[in-house]
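Asks: Heads up: the protein sequence lines correspond to chains A and B, in order.
According to the working numbering, the first sequence is numbered sequentially starting from 57.
According to the working numbering, the second sequence is numbered sequentially starting from 516.
Take the hints with a grain of salt, since some may be wrong.
Computed footprint of chain A on chain B, listed as stretches where at least three residues anywhere in the stretch have a Cβ under 8 Å from a Cβ of chain A [claimed, not checked]:
| id | stretch |
| --- | --- |
| 1 | 789–797 |
| 2 | 810–824 |
To give an idea of the interface, some chain A residues facing chain B are shown, with a C-beta separation under 7 Å as derived from the structure [unchecked claim]:
| id | residue |
| --- | --- |
| 3 | 134 |
| 4 | 136 |
| 5 | 144 |
| 6 | 146 |
| 7 | 148 |
| 8 | 155 |
| 9 | 158 |
| 10 | 163 |
| 11 | 183 |
| 12 | 186 |
| 13 | 188 |
| 14 | 191 |
| 15 | 198 |
| 16 | 200 |
Keep in mind that the hints were calculated from the coordinates and are not lab data.
Since the structure is predicted, the reported quantities are computational estimates derived from the model, not experimental observations.
For every residue, glycine included, the Cβ atom is placed at its ideal position computed from N, Cα and C.
Residues per chain, in single letters:
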Amino acid sequence: MGSPEAEDGVRISVRGLRVRFGAVEAVRGIDLVAYAGRGTALLGRNGAGKSTTMRVLAGVIPPTEGEVQVDGIDVASAPLSVKRITGYCPDVGGLVPRATPWEHLQLAARLRRLDAWELRAQDLLERFDLAAAAHRVTGGFSHGMGRRFSVVLAAFGEPGILLLDEPFDGVDPLGVEATQQVIADAKARGAAVLVSTHLRDLAMEACEDVLVLRGGAAVAALDAADLVGEEGARAYRALLD
Amino acid sequence: MRTAPSWTELSWPELSRGAGDLGALFAFRRHGLADSSRRRLRASGLVCVALTVSAIVVPAYLRSALSSDRVGHLVAVMPSFYLGFGVLAIMASVTSGGGRELVPRDEAVAFPVSSVTEHLAALLLAPLNVAWVIQAWAILGATSYVFGPHALAATVVPVLLWIVLATAIGQVVGWTFEGLRRGRHGLLVTRSLSAASFAGVAVLVLDDHLTTVLDHSPTVSVYLASLAGQTGHWARWAISLAVLLALIALAVLAGLVPARWALHRPLRDELRLEGERHEPVANPRSDLAAMLRLDRASIWRSVPLRRGLLVLAMMPGAVALAGNLEWRLITILPGLVASGGALLFGVNAWCLDGRGALWRDSLPVAPGLAYAAKVIVLFEVLLAAAGLTIVLAAVRAGLPDRAELAAVLGATVVVSAQVVAACLGWSVRSPYAVDLRSARATPAPPVVMAGYSARLAVVTTVTGLLFSATSLAPGPGPAILLAIPLLCWSGWRLARTAAAWSEPAVRSRVIAVVAS
């Protein structure tokens, strides 16, 4: 992996993470470190364990084994504290179908204890071209609109840890641009950003570090520069088999 | 651009293909069940068959043991009983948007499921409704009680055929109503039709003409067919059966036309709700208020939930109005309303969040508070619906005495608590991923819903009857004494489920399933 910042810049530390769902082991011993002000891409095929790892970091799924710390807080023992410092964009849906974006933001602002949040919310909605739909229920949104708004919700509280699972999936170029800007802003204010995606080129634009997963385990930790361009595509392809 | 109607779905080859597809869809559903669920399903089926046979046989042999006067009274109302079943079949189909889905819409979208298959599936799923089953048992039992054990099979067969015919007619009306609802002025048309129907019945009741109308019910022929079977008039009996069979075939085929018409129309009401602007209101003052606001929006902005709650609140009250129910019988109504309300979404409470469940669970809020929000929102909905029913029923019941008032209030609070406790338990143990957007959607698969509804009906009816008994007491004491332990029991069950919900592994399983 690329040159890390000082040791105290570590915001996410995962050692030997395992997650089992009954007989299925979705994650089989992943180690991961993410640093303040840097983006880390989680790459891999379907079922590689990317989304499950993200859910563990968001405090939504408890780890079966291993040590997972977010800003020094153990996820297994203090998930609520972890939720306070993370912003999470889930890979599927992520929106309450019969609530409006504004109602989602009101709930998030209340539970995250955000004051005078309205201007920032309005700004984010405009940047993601969602201002006109702010008071319509999300059940009528297109897939791309839903993805864009999930990114808004994740970034809204300016969290120290930004977890974006498939943020570019089905999103138009303007939405991709806005998402990249949100990631850049988060890194600039010292947040650790994790991006899980199948779109390698976009991930390389957003991140400095890369972890490639296969079958629930990490197979490579690289610099983003190693996976750029034609040569990077070949290297990535080789890691998937 | 208008498109010409395609009638290819109504051809004989399509009918045959649709029936074949039905088998494939049933197999698809069956394969989705765990082994334990299949065993439970088989056992439930056998119990249902055994209870149906008992409902037919046992009353026939009770006749001699009971007063013959009662038989005489029953004979006079048998055609009305049969007609009542027909009304129930129509109401069930209308309120479920034409009938239940064998495969939810979002799962079926990848398959070419024709309106023929949809219609036949809705017809076959109609009996998975506890009200349908209990009414069917009631009319079968009443028939065998009236006619006795002699030529029992011959007397019961016409009623069995009537049950099938009424269900098929219910589907025809249900699809037609759904088709009208999906039209440009659908809401206005269907609400006007409903209001006119209620007004018509009200006029008949107030003018004392209801009995005269019921005496001319076409179901008199069903009773006469049963009588012909018992008295050995076989030619008349056979002709009646042939007519009933022909009408069944006709009604099943006739249902294809409105089914196709309705299913090809856009879901205007649902689309309107999705496109509607909801003006923002002031920021919530507490975490719980914020959670409740989203849950309430999820209920009242869902077409099937809104409509279902309204029907549930109004129908038993209207029946009580028409039947001039006394207070001691009104104690049973809250149980009916609470059970029905729970079946709209409560049995799978986290389905209100849909795919947003994952995001909601990622918010920094204590699990206990998220759980409390679901308990409160379900409780308040059930209490509101039951309250409206009681108000309607009270119009003709007059002022209750203190014991009756305590009994009705006790029954309302206790059955609501019982239903909420049962529902939250099921919601945590057996969550399902469902989209409650369509009026035909249910919060759990139809077979599971039948099991839930049977269990809720038994518990709430028994509780209602217990409170009915307390209404005969001289004061409110017995009702209060009965309510306290029952509320404590429900409270303990709610606390037990809350403890399970607080486990991260349990919570993550529920959330993952609901959001998938």
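Asks: Run every hint past the structure and note whether it holds.
Replies: We went through each hint and held it up to the structure:
no. : hint    : result
1   : 789–797 : holds (count 7)
2   : 810–824 : holds (count 4)
3   : 134     : 11 Å, violated
4   : 136     : 6 Å, holds
5   : 144     : 4 Å, holds
6   : 146     : 4 Å, holds
7   : 148     : 6 Å, holds
8   : 155     : 5 Å, holds
9   : 158     : 5 Å, holds
10  : 163     : 5 Å, holds
11  : 183     : 19 Å, violated
12  : 186     : 14 Å, violated
13  : 188     : 10 Å, violated
14  : 191     : 5 Å, holds
15  : 198     : 12 Å, violated
16  : 200     : 15 Å, violated
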